[in-house]
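In the order they appear, the protein sequences are chains A and B. When the count follows the working numbering, it moves up by one through the first sequence with no breaks and lands on 96 for the last residue. When the count follows the working numbering, it moves up by one through the second sequence with no breaks and lands on 489 for the last residue.
Hints listed in this document are in silico derivations from the structure and should not be mistaken for laboratory results. Possibly wrong hints are sitting among the right ones.
List of simulated lysine-lysine pairs, BS3-like, C-alpha gap at most 30 Å [unchecked claim]:
no., chain 1, residue 1, chain 2, residue 2
1, B, K386, A, K42
2, B, K387, B, K257
3, B, K464, B, K282
4, A, K26, B, K334
5, A, K26, B, K410
6, B, K478, B, K277
7, B, K420, B, K410
8, A, K31, B, K344
9, B, K478, B, K464
10, A, K31, B, K410
11, A, K94, B, K328
12, B, K113, B, K61
13, B, K344, A, K26
14, B, K464, A, K30
15, B, K257, B, K61
16, B, K328, A, K86
17, B, K464, B, K257
18, B, K290, B, K257
19, B, K410, A, K30
20, B, K420, A, K26
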Amino acid sequence: MANIISDETIEYVGILAKLELSGQQKEQAKKDMGRMLDYIDKLSELDTADVEPMSHVFPVQNVFREDVVTNGDTREQLLANAPEEKDGMFMVPKTF
Amino acid sequence: MSITEMTAASLAVAIREGKTTAVEAAEAMLARIEEKDKELNCYVTVDKEGALRQAAKVQEKIEKGELTGPLAGVPVALKDNLCTAGLLTTCASRILYNFVPTYTAEAVINLQKAGAVILGKTNMDEFAMGSTTETSAYGVTRNPHNTDHVPGGSSGGSAAAVAAGECFYALGSDTGGSIRQPASYCGVVGMKPTYGTVSRYGLVAYGSSLDQIGPLTKDVRDCAVVLETLASHDDKDSTSLVREDTDFTSALVEDVKGLRIGIPNDYLGEGLDEEVKAAVLKAAGVLEEKGAAVERFDLSLVEYAIPAYYTIAAAEASSNLERFDGIKYGYRTKEYAGLHNMYKKSRSEGFGEEVKRRIMLGSFVLSSGYYDAYYLKALRVKALIKKAFDEAFAKYDMILGPVAPTTAPKLGESLADPLKMYLGDIYTIAVNLAGLPGISVPCGQDSKGLPIGMQLIGDCFQEKKLLRAAYTYEQYEKNSRNADIHRMG
Chain A
1 MANIISDETI EYVGILAKLE LSGQQKEQAK KDMGRMLDYI DKLSELDTAD
51 VEPMSHVFPV QNVFREDVVT NGDTREQLLA NAPEEKDGMF MVPKTF
Chain B
1 MSITEMTAAS LAVAIREGKT TAVEAAEAML ARIEEKDKEL NCYVTVDKEG
51 ALRQAAKVQE KIEKGELTGP LAGVPVALKD NLCTAGLLTT CASRILYNFV
101 PTYTAEAVIN LQKAGAVILG KTNMDEFAMG STTETSAYGV TRNPHNTDHV
151 PGGSSGGSAA AVAAGECFYA LGSDTGGSIR QPASYCGVVG MKPTYGTVSR
201 YGLVAYGSSL DQIGPLTKDV RDCAVVLETL ASHDDKDSTS LVREDTDFTS
251 ALVEDVKGLR IGIPNDYLGE GLDEEVKAAV LKAAGVLEEK GAAVERFDLS
301 LVEYAIPAYY TIAAAEASSN LERFDGIKYG YRTKEYAGLH NMYKKSRSEG
351 FGEEVKRRIM LGSFVLSSGY YDAYYLKALR VKALIKKAFD EAFAKYDMIL
401 GPVAPTTAPK LGESLADPLK MYLGDIYTIA VNLAGLPGIS VPCGQDSKGL
451 PIGMQLIGDC FQEKKLLRAA YTYEQYEKNS RNADIHRMG
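Here chain A stands alone, though its shape is the one from the complex:
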C-alpha cells in the first residue's frame, strides 16, 4: 500500500521535529517519507503478535549511584560554547 503523506502530516512532523521546511522541501520530504514508509511496511509481513518488543539486547536496569559531584566547575568553558551568554547564563530569545 502506498503511503501518501498529507500536507497536514508533514506540517505536524515539522512541529515535532522542530524543523522549518520551504514549500519545495516539504514536497520532497513528503515523497521521501512516503517512499520510506512503503519500504518499512514490509515489516507487516511478519506476524509479531506474540513477540515482545526488544529495546535492548541485554537486560538493562537502572544504574544507581550516590549523588556525589565528581566534576569540577566548568561553567566558563561551557558558556564559551553558547551562541549568546550574559552574566554567567545562557541567553535565550524572549519567550513571552
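Starting from the known structure of chain A, arrange chain B on it as the hints suggest.
Just chain B now, kept in the frame of chain A:
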C-alpha cells in the same frame, strides 16, 4: 620502510626499544597528512601543535618507564563524533561548527592512558548518518585506492586515513556498519565489538541502542591491541558491560581447526557483485583449508533488517538530536522571531538533508497513532532477528559473508537515491540490531583495484573467535604473498 607505513603495534615496539620516538612518529605522520590530506580530506581538524605537545609528554613517560603498553607513543586519528576536551568536535555538521567539548570520551581517555597521541579528528557522514562520508558539511573524503570513489561511511575519514597512512590507527563508530563498511571499501581491518564492550560516554549519540565505538587498523593484531585498550566498564554509560574476557590479543593464534563457520545463503543472493562474492568465497576456502568446517545455511529474515533498523535508528536519532537547539552550543540562526522560530531556523539551517530526513522519519514513527504500528513493530522484528541469530549460533561459531554488496561506489552516485543507499547496509545492519560483534577483513580487490572485505560475525562476547579466524586468514594471505614474491625473485 618509512615510519608511516608501520603498524601501531610495531611502532610502539620501536619506540620502546629506542629506535624512534613518539615525537618522530608524530612529526612523520603530520608531514604525511600535510602531503596527502589536501587531496583525500580524511581530517576535519588536524591538531598539529597539540599532537607534538602530547608526543613530547608521552615520550618522557616512556623513557621514565611510566608508560610501557603496546600503544604507547603511537599517533591516532579519532572520528569527529568523539568528544575531545579542548579540541573541536563537529560531527561533520554545520550545527556544531564551533563546538569545543569540555570533556573527553571515555574510550579516548582509555587510549590516552595508554599513551596515545591524538593527531586530529576525522571526517564522517554528518552525525554518522550515511554510508559514503558525502553527507559531511566539510567536504567529501576520497578513497585512497581510487580518488574518484567514496571511502564508505560513516567512518570514512578514519578508514581512509588508515589506508592512506595518515595515521597508525583510528577510532570509528558503528551504528549499522559504519566501521566495517568503510574498512571494507578502504582495504583495512575494522571491528564493531559486542554492544556495551566500549563505553559510549562522550560519543555524540545517533542510535543509542545500536552505537558502538571500535578500531580501524592496518592489520588484525592492531585491531586486537586497540580493542583491548578501548574495552572497559564505565559507570557513566548505563549500557556498559562488565567483562572479564577483554584480553583480546590472546586470540592472535593461527588456528581455526574445528571452528564451525556458516555462510548464509541469504548473503550471497541477488544484488551481490560477482567479484565480491568470488573473493569472499575464496577467503572462506582458505579458512576451510586451515581446518574450519564451512557450510551454507539459511539465516532467514535478512530482508527485514533494513526496514527495522531505519525505523529504530531514525526514532532514536530524532530524540537524541533534540538537544541541538541553538542555545547551549553550536549554530544559532541570525534572524528569528521568538524562541520556537529560533529553534526551527537554527536546526533547519544547521542540519544537512540526510539528518533532517531521519529526524522527520523518527519523529513520525514515534508520534501518537503511529508508535505501535511502526516503532514497536520494529522492536518486535528486532527480537525475531535476534532469535534467528541465536539459532544460527547454536550451530556455528561464526557467520561469514561479504561486508557490502559492492566495492566502493563512485563519488556523487549514492545520495540521489537514499533508499538505494540504505540497501547497501544489508549485510552489516542486523549485527547492530542483535548487539553482535563483527569484523571486516580485507580479502582481495576487484578488477578496478578497489578493495573487498570479508565479514565475520560472532555471537555476543565472541570477539576472540573472530579475531582468531581473521588472524589466521591474514597470516595465510601474508605468507602466500611472500612466497609469491620469493618465487618471482
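Results of checking the hints against the structure:
1. Between K386 of chain B and K42 of chain A the CA atoms are separated by roughly 18 Å; this keeps the pair inside 30 Å, and the hint holds.
2. For the proposed pair K387 of chain B and K257 of chain B, the alpha carbon gap of about 27 Å is at most 30 Å, so the pair holds.
3. With a CA separation close to 22 Å, the supplied pair K464 of chain B and K282 of chain B stays within the 30 Å bound.
4. This hinted pair checks out: K26 of chain A and K334 of chain B have alpha carbons roughly 23 Å apart, not beyond 30 Å.
5. This hinted pair checks out: K26 of chain A and K410 of chain B have alpha carbons roughly 29 Å apart, not beyond 30 Å.
6. Annotation: proposed proximity of K478 of chain B to K277 of chain B holds, straight-line Cα distance about 21 Å (limit 30 Å).
7. Only pairs whose Cα atoms come within 30 Å are accepted, and K420 of chain B paired with K410 of chain B is accepted, the gap being roughly 14 Å.
8. Under the criterion of a C-alpha separation no larger than 30 Å, the hint pairing K31 of chain A with K344 of chain B is consistent with the structure, at around 21 Å.
9. Our distance criterion of 30 Å between C-alpha atoms is met by K478 of chain B and K464 of chain B, whose separation comes to about 21 Å.
10. Of the supplied pair hints, the one linking K31 of chain A and K410 of chain B holds, its CA atoms being roughly 25 Å apart against a limit of 30 Å.
11. Between K94 of chain A and K328 of chain B the alpha-carbon distance is near 16 Å, which keeps this suggested pair within the 30 Å criterion.
12. Note on K113 of chain B and K61 of chain B: the hinted pairing holds, with a Cα-Cα distance of about 11 Å set against a maximum of 30 Å.
13. Taking the CA atoms of K344 of chain B and K26 of chain A, the gap is near 14 Å; set against the 30 Å cutoff, the hint holds.
14. Restraint check: the Cα-Cα separation between K464 of chain B and K30 of chain A comes to about 46 Å, which exceeds 30 Å; the hinted pair is violated.
15. About 42 Å separates the Cα atoms of K257 of chain B and K61 of chain B, which puts this hinted pair outside 30 Å; it is violated.
16. About 12 Å separates the Cα atoms of K328 of chain B and K86 of chain A, which keeps this hinted pair within 30 Å; it holds.
17. As the CA atoms of K464 of chain B and K257 of chain B are separated by approximately 14 Å, the hinted pair is consistent with the 30 Å bound.
18. For a cut-off of 30 Å, the pair hint linking K290 of chain B to K257 of chain B stands: about 7 Å separates their Cα positions.
19. For the suggested pair K410 of chain B and K30 of chain A, the alpha carbons sit about 28 Å apart, so the restraint of at most 30 Å is met.
20. At roughly 21 Å between alpha-carbon atoms, K420 of chain B and K26 of chain A fall within 30 Å of each other, so this suggested pair holds.
Checked against the numbered hints above, the structure breaks hints 14, 15 and satisfies the rest.
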